[in-house]
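> Place chain B on chain A using the hints.
Those protein sequence lines, which keep their order, are chains A and B.
Every number in our numbering is 1321 more than the matching position in the first sequence, counting from 1.
Every number in our numbering is 55 more than the matching position in the second sequence, counting from 1.
Just so you know, the hints here were simulated from the structure itself, not pulled from any lab data.
Ideal placement from N, C-alpha and C gives every residue a C-beta, glycine not left out.
Don't take each hint at face value.
[As the list claims (entries may be wrong)] Residues from chain A that keep clear of chain B, each with C-beta distances beyond 10 Å, as calculated:
1. 1453
2. 1529
3. 1536
4. 1672
5. 1691
6. 1697
7. 1816
8. 1817
[What the hints assert, rightly or not] Facing chain A, from chain B, some residues (calculated, C-beta under 7 Å):
9. 270
10. 275
11. 367
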Amino acid sequence: MIGTISGDRSLSERDEDAADTAAPRLEVEAISKSFRSVDALSDVSIAIETGEVVGLVGENGAGKSTLLKLLTGIHRPDSGRIVLNGSPVQIDGPRDAAHRGIAIVKQEQDVVPNLTGYENLYLDQIPDFTRFGIVNTDRMRSRAEQVIEELGIELDLAAPVSSYSFTERQMLEVSKAFSESIDTDHPIILLDEPTAGLDEDGRELLFNRIDELRDRASFVFVSHELDEVLEVSDRIYVLKDGSLVDEFDAATADESMLQRAMVGRETADEYYRTSRQPSIPSTADVALRADGLTVAGDVDDVSFSVRDGEIFGIVGVEGCGKNTLGRALCGVDPPDGGTVHVHGDPVDPTSLGRMVETGMGYVPKDRKAEGLLLYQPLTMNVSLPSIGTDRTSHSLGGVGSLLSLIDGGKEREMAAESVEQLDIKTPRLDSLVYQLSGGNQQKVVLAKWLQRQSDVLVMDNVTRGIDVAAKEEVYRVCRELAEDGVSMVFIGDELPEVIGMSNRIGVMKKGRLVDVVDAPVGDKPTEEELIEMMI
Amino acid sequence: MADGTLLDRAGARLTKIRAERTPQDWVIDLGPFVLLFLLVIAFSIASPNFLTVSNLVDNVLRNSTILLLVSLAGTFPILQQSIDLSIESMVGITGVIAAMLISDYQLGVLALLVAVIAGTVFGALNGIVFAKLKIPSFLVTLGSLSILSGSALLLTGGTSVPYRDPSVRWVSTGELIFSIPNIVIWGLLFYLLMTFIAFKTPFGRYCYALGENEEVADLSGVRVDRYKIGAFVVSGLLCGVAGALLAARTSSASPGMGTGLLLQSIAAIVMGGTALTGGVGGPHRTLLGVLVIGVLANGMNLVGIQSFVQEIVLGFVVIIAVAMSMDRRKIDIVK
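Extracted from the complex, chain A is given alone in its bound form (with noise of 0.2 Å):
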């Protein structure tokens, strides 16, 4: 009940003497588990005490995700315990979880769009709210209002989820972790990624709300924004390779310690490779040039040009117009007004099929969406744009017609030297891409293009959701690709990512281009003056 949550808040205080002798709320022992002969995780051992948020950092792959399946049930370990408040148990899935009062808010949001807040709120309880088998709404209802009202979380719970913001949406995700665990006392709620896609202000909102609940509850915080865990933990653990490695106090540490002990490895210092970062003299040719270009409500006469070689970057706020900027300079979303060239030639952007002819191509935001046949081959994931046409690295048979054949061992050969290229780990040449890692993955998209022999990429957030390592590989991966002369338009929301790549910054606010910053080896513009452009 709602009330043995708030009622033990004295309990809860966070006490050190109390901590010491009673057992923490949570320890997790020695834990191991592997699939198929790998290991996932090795002898991990963390403890969490009651009211702690504890922050869980590593690259993709590390084990955290394991971590979390172990302690919702969905995985059982090999070997070690997981012991609550002194007691060990056995976790059965996550339902037993939850009654145990360990629930999880996914990174993935589990929201049924067309029910209402309180639907959602109790969709796997609904039977409980019936009699001879008629749904009880408005007990249902005022549970749920009641439940969010202890939380101190505002949402129209009587409309329906579709109506919400992402924020919102994540609020009520909180807010069923908490329902789902409110049974015991001081339930621990496990926080996968739960600020990808938040905006500002639903950050500042989330951390508000953990802030003041810590009382009454734990926290794991799994997050790849190094900043945020040390905002928001007390403590942090840090995993590599399925082993806990380091642990940290928050108040002391900070991101570059967190990002050596998580790669093990210096990189902060030639993690862009700036050094390789070439000065484009103005004389060279434009490879890209945008006049005037309009997408009504999102971009606003927006002109610039990208030389030889060389990487534009573009950084402003959420909304601010940058992805569909990048959409309608490729043809992806056609703009309403205004003109592209590329290579000095106009062309008619309706279309990426027909912008693909002049040397374009466009890594979207959302690889696993947009970017891969995921269940496919990797040799037919990187021929995707080259098959049919003349314009490849390896003619792949006849030209640019219907009938034209596919040559299957130029076909290979042309996947054989993207992994050599790019340097891409996978099992195979025609493994399945949904095997690789998310880095790897990324740069089966990047050898799309290349392989099509496309010099101009417009990339949005190019190192999305991919770990330390993976990102400093695609970094030189651009480098490698400028130095070729290929141009890139580099649209990123992190903006130290943007700074530390680009040669010049394009700052969008509300759908206008309000300025064009150099970004010259040892003269880059700091956040704060980036940041003041777009606000």
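Chain B alone, transformed into the frame defined by chain A:
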């Protein structure tokens, strides 16, 4: 560039993880072979007439050819994760067109070609409405199923159209090579052609890409509408061939002569390994499904199972095949 060395160098970089195959992969890959083998064994034991050249060639293969053609037709839309439900009436109307042109206008063999062209046009119309007006293919072809069968009934007044033309009949029942009926040769030719198209042409490749993820294909610069229409053009063309050959074989055509082919072809396609979720399988596999259905029907006839029961069996076969072939993308991704 030295080809071998490039592939070798890449080979040396490949990490040493073995791609795991799930039990379901094995079921999908080998299931139809095993099933066909078991059926052949079982019917050979149950009926002495089953395993004879005359039964296998004259009955199983000849009777399966029409099903093979319409199943190949249906494979391409399903590969793209669409579906063509109009194939039954497509066969009916193209057959009727051929028969009427022969009996009323003495067009002879040329009429068969007209029927194929008509099927192609109907397929193109299906595809254009589907791709350009963005109406689900399920609904477009459900509509044209009704439109075409109504039209065929209207053309014929609901009766069958007989004709006498030995040369037309020869196209289907003649024996150009050894003593194999020509209709079987036609089936084989189109089977090889469709398999070639699926693997060697951009169109075939894009069918797989579209079925897997249309958005990705679109963002790779593939002109998706063109290939979506293409799948229905191929489907219409093959149904036209099936209609023409069926009319030639029986020296008559009736509006309802395609009845029953839709369910059988979906069973064959799915059992062959082309999942309704798109992107996997292909026409080469469809042949297996067709043979399973063909052997099943022939064997049940020989052992004297009545046709009503056969229908019940077919229904079960479809459901089981779909259940077993739902694709593997739901499995847990292991890191």
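> Next, verify each hint and record whether it holds.
To see whether the hints hold, each was checked on the structure:
1. 1453: 35 Å, holds
2. 1529: 33 Å, holds
3. 1536: 36 Å, holds
4. 1672: Check fails; 7 Å does not lie beyond 10 Å.
5. 1691: 5 Å, violated
6. 1697: 5 Å, violated
7. 1816: 26 Å, holds
8. 1817: 27 Å, holds
9. 270: It holds, given that the least Cβ distance between residue 270(B) and chain A is near 5 Å, below 7 Å.
10. 275: Check passed: Cβ of residue 275(B) comes within 5 Å of chain A, closer than 7 Å.
11. 367: This interface hint is violated because 35 Å lies over the 7 Å limit.
Violation of the numbered hints given earlier is confined to hints 4, 5, 6 and 11; the remaining hints are satisfied by the structure.
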